[in-house]
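Novice: Each chain, written out:
There are 2 protein chains.
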Amino acid sequence: MDLWFSEHHTPNVKLSIRVDRQLYAGQSEFQRIDVFESPEFGRFLTLDGYMMLTEKDEFIYHEMIVHVPMAVHPNIKKVLVIGAGDGGVIRELTRYDHIEHIDMVEIDPDVVEVCRAYLPKTAGPWLDDPRVHIHYEDGLKFVRTCEDAYDLIIVDSTDPFGPGEGLFTREFYGNCYKALHEDGIMVNQHESPFYDEDAIACQRAHKRIVESFPISRVYQAHIPTYPSGHWLFGFASKKYHPLKDLDEARWNGYGLSCKYYTTTLHKGAFYIPAYVEELLKDVESER
Amino acid sequence: MDLWFSEHHTPNVKLSIRVDRQLYAGQSEFQRIDVFESPEFGRFLTLDGYMMLTEKDEFIYHEMIVHVPMAVHPNIKKVLVIGAGDGGVIRELTRYDHIEHIDMVEIDPDVVEVCRAYLPKTAGPWLDDPRVHIHYEDGLKFVRTCEDAYDLIIVDSTDPFGPGEGLFTREFYGNCYKALHEDGIMVNQHESPFYDEDAIACQRAHKRIVESFPISRVYQAHIPTYPSGHWLFGFASKKYHPLKDLDEARWNGYGLSCKYYTTTLHKGAFYIPAYVEELLKDVESER
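Going down the list, the sequences are from chains A and B.
Counting along the first sequence from 1, when you hit position 160 you're at 160 in full-length UniProt numbering, and nothing is skipped either side.
Counting along the second sequence from 1, when you hit position 37 you're at 37 in full-length UniProt numbering, and nothing is skipped either side.
None of these hints come from the bench; they were simulated from the model.
Any given hint could turn out to be false.
Identical chains share a label here; the pair holds if one copy fits it or two copies do between them.
To be verified - Each computed DSS-like pair below joins lysine-lysine, with the alpha-carbon atoms no more than 25 angstroms apart:
(1) Lys281 to Lys56
(2) Lys56 to Lys239
(3) Lys281 to Lys267
(4) Lys78 to Lys14
(5) Lys281 to Lys14
(6) Lys178 to Lys239
(7) Lys56 to Lys77
(8) Lys77 to Lys244
(9) Lys14 to Lys56
(10) Lys121 to Lys267
(11) Lys259 to Lys281
(12) Lys14 to Lys178
(13) Lys207 to Lys259
(14) Lys244 to Lys267
(15) Lys77 to Lys178
(16) Lys207 to Lys281
(17) Lys14 to Lys238
(18) Lys207 to Lys178
Whenever a hint applies, use it, and build me the whole structure from the sequences.
Specialist: Structure (structure tokens):
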């Protein structure tokens, strides 16, 4: 059997993964959903043909989008998660005993159902944690109704086209600001700075976040199955600075063991390459 | 025209790059050499079918292998470069006025000739800098004859199989130690920690370096066209610590502008993920 899944990262470069078999293929109201079994990456999920996660490297994305804000804000009790139907963000959040309430707003119930059936490493029993409240709604609309309600918002969106498009708009970031307490933090997946088209999306998202939040920084991780492998996250905050307010002793006191995240790596994740600094500075100065 | 170059990063994953045309194909005494023109990455060089550099992302590798040691050691005058036939390391080194002498030991004269003809962005006029002395010899043999001769050795090798194999041996690292002054530094390309086979090569190289040098650390960069995009370099040193002896003010005083390297990023490059720390610790404790 010589079966390959390929994702074009640009029209001129693609990453291909050998597939053992397809476990699921379906069309939801919102998107095409597929799950594959592969020898290199274990099971992996694609939406509309774009790689969402693989069992081998999802720990990097999920640890980095959750533990970075958790190590900065001293007392996160109420969290809003937009997207995240695969369950990975919820898995990492529910490791913190001091979190009291998690609203997860996923537009597509089929994603959750398929992940529960085929990806138990991310969509596991933590989705049934009594603190987790799943809402099958449009995140864009949900957040419009919230005010001064959350300590942390995690935007675990797909790419800035298709169903996830609205999650990269000025209106959405403004509503997230309003939905957060006065010391709240918003973290979002922020695309890659490397290929031209991704870099433009990244720059555009940063511009809009800078316009909504007083503190806006970008941090990076190595995610081998995402375009270029160099992935960014946005850290937007009303009060806490991602480095000055990092409390290493407090976070290490939680006793959570991670495969990627450490509080030392946390700092390095914000030390981005010169060309990425330039890319972001260009829009910061327009503010 | 639908022409693609592919590199298998493991038998089960491959990166493919659309090719506009092949500029060169030849067999030297040591290896197959090819140069391609591509819409995404500009020109790129492969040896035995393995990606060596592309015009779009070579700056990351070359800046990181050169500027990290240059920002740590206060007075590097004499440098030995093993490999580096593409000229990229020499380009970055010759930007420092205080370097007096560079020995470049490349086993394959054809690589230099082909790069001079087709890759002028790396094999440019700096190869004719009077401080640069090119030796077409086996680096393994060359370094055996040296003692207390260099401030810095840069091992810009191919992978640990084929012509580059000897450059990952205990004997070679021991000879590099001997070839360095009492405060010398050796930096080498150190493979990737992500895919199993690469991780083993990486671990093995680290074990051998730890056995030869009192200070041995690993640092990382995002290199999109290398396997997994997460690439490591080894920093081995007799005296200087890569972070404690980093002199940011001195390096910034040189006024070199880089696209990837900054002295802030320098620090973050050593803040490696938990699983990579584990991988290296395993062999450090065997020492």
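Novice: Give a verdict on every hint.
Specialist: Here's how the hints hold up against the structure:
1. Lys281 to Lys56: between (34 angstroms within a copy, 21 angstroms between copies)
2. Lys56 to Lys239: neither (35 angstroms within a copy, 38 angstroms between copies)
3. Lys281 to Lys267: both (20 angstroms within a copy, 21 angstroms between copies)
4. Lys78 to Lys14: This pair counts as neither: shortest intra-copy Cα distance 40 angstroms, inter-copy 42 angstroms.
5. Lys281 to Lys14: neither (29 angstroms within a copy, 34 angstroms between copies)
6. Lys178 to Lys239: within (14 angstroms within a copy, 53 angstroms between copies)
7. Lys56 to Lys77: neither (30 angstroms within a copy, 45 angstroms between copies)
8. Lys77 to Lys244: Within one copy only: 21 angstroms inside, 38 angstroms across.
9. Lys14 to Lys56: Both ways: Lys14 and Lys56 sit 19 angstroms apart in one copy and 16 angstroms across, limit 25 angstroms.
10. Lys121 to Lys267: neither (28 angstroms within a copy, 33 angstroms between copies)
11. Lys259 to Lys281: between (32 angstroms within a copy, 14 angstroms between copies)
12. Lys14 to Lys178: neither (40 angstroms within a copy, 44 angstroms between copies)
13. Lys207 to Lys259: between (32 angstroms within a copy, 21 angstroms between copies)
14. Lys244 to Lys267: Answer is both; intra-copy 10 angstroms and inter-copy 16 angstroms each pass.
15. Lys77 to Lys178: Close inside one copy (17 angstroms), not across copies (58 angstroms); limit 25 angstroms.
16. Lys207 to Lys281: So Lys207 and Lys281 pass the 25 angstroms test inside one copy only (9 angstroms; across, 41 angstroms).
17. Lys14 to Lys238: neither (39 angstroms within a copy, 43 angstroms between copies)
18. Lys207 to Lys178: Only inside one copy: Lys207 and Lys178 sit 18 angstroms apart there, 53 angstroms across copies, limit 25 angstroms.
Violated hints, listed in ascending order, are 2, 4, 5, 7, 10, 12 and 17; each of the other numbered hints is respected by the structure.
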